[in-house]
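Asker: Take these sequences, add in the hints, and give me the full structure.
There are 2 protein chains.
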Amino acid sequence: MDSDFGIPRELSELQKLRSLYQPGLPPCLQGTTVRVEFGDATTCADPADVHAISRAFPHTYGQPLAHFLRATAKVPDAQIITDHPDVRVGILFCGRQSPGGHNVVWGLQNALKIHNPKSTLLGFLGGSEGLFAQKTLEITDEILETYKNQGGYDLLGRTKDQIRTTEQVKAALNACKDLKLDALVIIGGVTSNTDAAQLAETFAEAKCQTKVVGVPVTLNGDLKNQFVETNVGFDTICKVNSQLISNVCTDALSAEKYYYFIRLMGRKASHVALECTLQSHPNMVILGEEVAASKFTLFDLTKKICDAVQARAEQDKNHGVILLPEGLIESIPEVYALLKVIAFVSPPLATFGNEIHSLLKQGVAPDSISSQLSPWASALLEFLPPFIKRELLLHPESDDSAQLSQIETEKLLAHLVEAEMNRRQKEGTYKGKKFNAICHFFGYQARGSLPSKFDCDYGYVLGHICYHILAAGLNGYMATVSNLKNPSNKWRCGAAPITAMMTVKHWAQSPGASSIGKPAIHPATVDLKGKAYELLRVNAGRFLMEDLYRNPGPLQFDGPGADSKAVSLCVEDQDYMGRIKKLQEYLDKVKNIVKPGCSQDVLKAALSVMSSVTEVLSVMSSTSSDGQTTL
Amino acid sequence: MDSDFGIPRELSELQKLRSLYQPGLPPCLQGTTVRVEFGDATTCADPADVHAISRAFPHTYGQPLAHFLRATAKVPDAQIITDHPDVRVGILFCGRQSPGGHNVVWGLQNALKIHNPKSTLLGFLGGSEGLFAQKTLEITDEILETYKNQGGYDLLGRTKDQIRTTEQVKAALNACKDLKLDALVIIGGVTSNTDAAQLAETFAEAKCQTKVVGVPVTLNGDLKNQFVETNVGFDTICKVNSQLISNVCTDALSAEKYYYFIRLMGRKASHVALECTLQSHPNMVILGEEVAASKFTLFDLTKKICDAVQARAEQDKNHGVILLPEGLIESIPEVYALLKVIAFVSPPLATFGNEIHSLLKQGVAPDSISSQLSPWASALLEFLPPFIKRELLLHPESDDSAQLSQIETEKLLAHLVEAEMNRRQKEGTYKGKKFNAICHFFGYQARGSLPSKFDCDYGYVLGHICYHILAAGLNGYMATVSNLKNPSNKWRCGAAPITAMMTVKHWAQSPGASSIGKPAIHPATVDLKGKAYELLRVNAGRFLMEDLYRNPGPLQFDGPGADSKAVSLCVEDQDYMGRIKKLQEYLDKVKNIVKPGCSQDVLKAALSVMSSVTEVLSVMSSTSSDGQTTL
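These protein sequences, in sequence, are chains D and R.
Note that UniProt numbering gives residue 630 to position 630 of the first sequence, counting from 1, and the numbers run on in steps of one.
Note that UniProt numbering gives residue 87 to position 87 of the second sequence, counting from 1, and the numbers run on in steps of one.
Read the hints as simulated data drawn from the structure, not as lab findings.
It is possible that some hints are incorrect.
Treat identical chains as interchangeable: a pair holds within one or across any two.
[Claimed, not checked] Dumping the calculated DSSO-like pairs for lysine-lysine here, alpha-carbon to alpha-carbon at most 30 Å: (1) 529 with 582; (2) 411 with 434; (3) 16 with 257; (4) 434 with 135; (5) 389 with 295; (6) 518 with 170; (7) 170 with 505; (8) 529 with 295.
Here the structure is a predicted model, which is why all the values come from computation and not from measurement.
Answerer: And the structure:
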């Protein structure tokens, strides 16, 4: 089967046209000179985590930001790299396939060859397993031919996508040494990039010459922080899903007899569901983050939906479309504990779940498990309808992502809502048509899509940045592009240490005692104070009652819609990297004005102002520390 | 809620662009003169049915074909209609919404206004229910503004979509009389067009002035016969589904660990599944028609899939994509009887199903039904996994289409295949990875799509033809376009009596006795001797083993793929209407050559040749009669 990777494929007319598309490069990546400017040493978002992270990553924590500049930029301290020896680079896909991933490989290969045609790019076949087993394919122009701007990860494939155990890390180290790699590029989401940071640290410790670079590619859109505005694939996934959601909305409005419950892939966070709502205007969306923040129970959610159905029926509307994120189920407090058996086991909370897990391991039949659980777990389990019980119990060994996507939350809620609407109808409080639900899960059918123009461009540019990172000799960095909502010739390219994106989870284990997790990049959840959520909040009432359905249409590559970007990307006022640079400029200006020799008055004024500035910032930093994982 | 119909909608950028698209008209429909040529009186495909159909439709059976001609066409007998009094026409949507339906309304409205600006088009709100209740909306340019080239049926809505009972037919007659309609246009599939024929007959009998016209619009693509090459909506549905299937194929190839079982909407016939297979090249498709022809049992199907999984595993391929048509379940012999409870009850076979139905009516709880059935029905029911049992039992009252789409055949087969693969693995005959299935149903998410260019054009042209039919004073006709695989300026426009498309079902009830059904248009099944199926057959082996996945990409409106047409439309050598005209020309030529006064030798030669021609044709006609419903 390995021989199937990288073989030319039969392309459709449209695929052929797409394979000829050449993404543009921002000015800073053009030419053959790499110009890098280093910013200040980085910290992490939460000052409370500094100790834990710096201790876990002694070699790679606190490294400076890197900005890549255009050849003509007048920055005196920029390091100019004109010497490009031939290098050997390895690259692999980790985790769920995401549209645009192939373009990272293409971008990197292109950058390598531009700077030195003798350089070599080795793709690892079958993800991390291929890395451990040192199965490689040399990436050439010929091989890329039918994969440029195409979806999927089938150029190289992927497998388990974990580089975490001592054994796995050792195998990766050996592979990089044996293959004499100058750099290893890991394409993936939060987990894979955390693994990349760990690998970088281990390599530095072991004095291995291979630099490790991470690339933010994940359809979930949850690798989001000060440095990373969005991920490769998110744009496409949202466009493909929005098309389908809109089709279902049109359908609902035509037949006027169904409520559609649509669950969207996207792991724990609800970014995909939020973005699709902003694009398609379905009647309702239930974000996991809202549920978690309000501590809604299953009963509350059911009631909320039923009230909406009833209110609509009073306006003679007996149809509707309701979106649910994949991670919703995890956010419902009473289901959360039971789910721990499946989701990755976080030490202090694993106990409830482990009850089921260990019973299954002892060979207890799933049907008789309920009677052997502690009373409350058993009561909860018995409350759930049989098909959900089965889904919870039958696959405890599979990996967490497959698991989460196989729990049919949409059916659970439709089932509970139907029961409640029937009750209300009997009782006489609901007078609409008989409630009819149709359930959908939109996941796999979007993941393999042809990438949107945005994702083609973003992936390709990130691939180029990987080369610049390696040329600058950086280890443990992630390639970043900011200012993404503007056209690609305005994009700012850089690199940030992965450790600067990490946080540490704290749990109150028992009164007085607390435990902390390993530093990691955690999935960014939807910011309930952010602008994208605000846009939803102010429109939710009208979306619910007025059927303002909007159909962005099928993914286009030309004409209207082809250059549209995610609503949530465009409304957020991000550009963190740009602002960091701006601040640096102000500080430099102050230094220049208050040089030794300046007047006493200027110095006194500077001291006075700076003292109050630092005081305000210290206070703000310490208050922001008790809180959110993400900005 | 009725007030919501026809209101302007917020359109996305792409939708706006599409709303400006102007479909072209073939030359024969241009200008303000209607030129119609009548062909010979029509019969029906099977000579054995003539008696039953002509008896049921004394006023509308045997009417001639009508061909609409360009203004410059030199056809001496063509009737030229230049006088266009203002007329009142009603139009309604019946049955499952299908992309392009709105364009029929637009085309008709446009044709009406071109020929007489005082003419009125009334849309019935909410399908047949709106017709009975005489709820109308006058279709104007303003109202059409945001519905041109858009998906769904939300301009007018639709409801139960049946005009069959005496009461319903009477209500329809009253509506047409009260509203003084010159014509009633019914947009729908096989059932609705059968209803249209019945209505035409009743109206003629009642000397009602309203002419009834049918338009072939159904996503199932099963209104296919000598006169109708394909249906409005089929092209779009296949393109949207093919995109998703291809995405899933790419996904399968990237992750290499799942088998995807995808069920496609399309009712009893497997046209959608066949077309999608020809576009996307998944590993396997199981057509209902193949299963019915080979009398495959559930066990046979499971074995067939398992053998394929095993053969692929031997080549180290542990992934795949398998398509199943919605109607497959009906085609499996042993499930067929049980399903009769849900599908429309055909008298002689209803007994098994009716067992369940009547027990439910008596208030027997679904769980205890099995014990009260006859032994064989009970055994079959108990063999099925619980979720399928529930789906079979719990909704016996809902309409057959909803029912069929809610039986999760894909899960049933995945379940059976998984059990068998696990057995083979234990036994040691299967040595591949653990079998992992993911199930999808693609239906509602395609139905509301923006229509493809083909469906926009086809729907619009059919709308125009409706006006020509009405101007020619025809009743009980369906608007037809032939030569569809060529560009629209080569399309041939006409009209065929709906009765000419009917067949009669015969059942052997008991030895010696047989019973016949009502004449109706029956869904055309996939022709296992046709070219489209042959194309599948010769490639099936390679599709199965070689992963020749092909991604037509998302529906495009410009550039490559925008003008592509269904593979099954293009490979079939149809143009029946063109050939009928060609034959007429030959017969006319013979008449001209062998005019009274010609030589004895010429006459003798003509008689000799014609005698053998008629003999050959008689023999062929009688053998073709015992067989297929469709050509």
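Asker: List, from low to high, the hint numbers that the structure doesn't satisfy.
Answerer: The structure conflicts with no hint, since it agrees with every one listed earlier.
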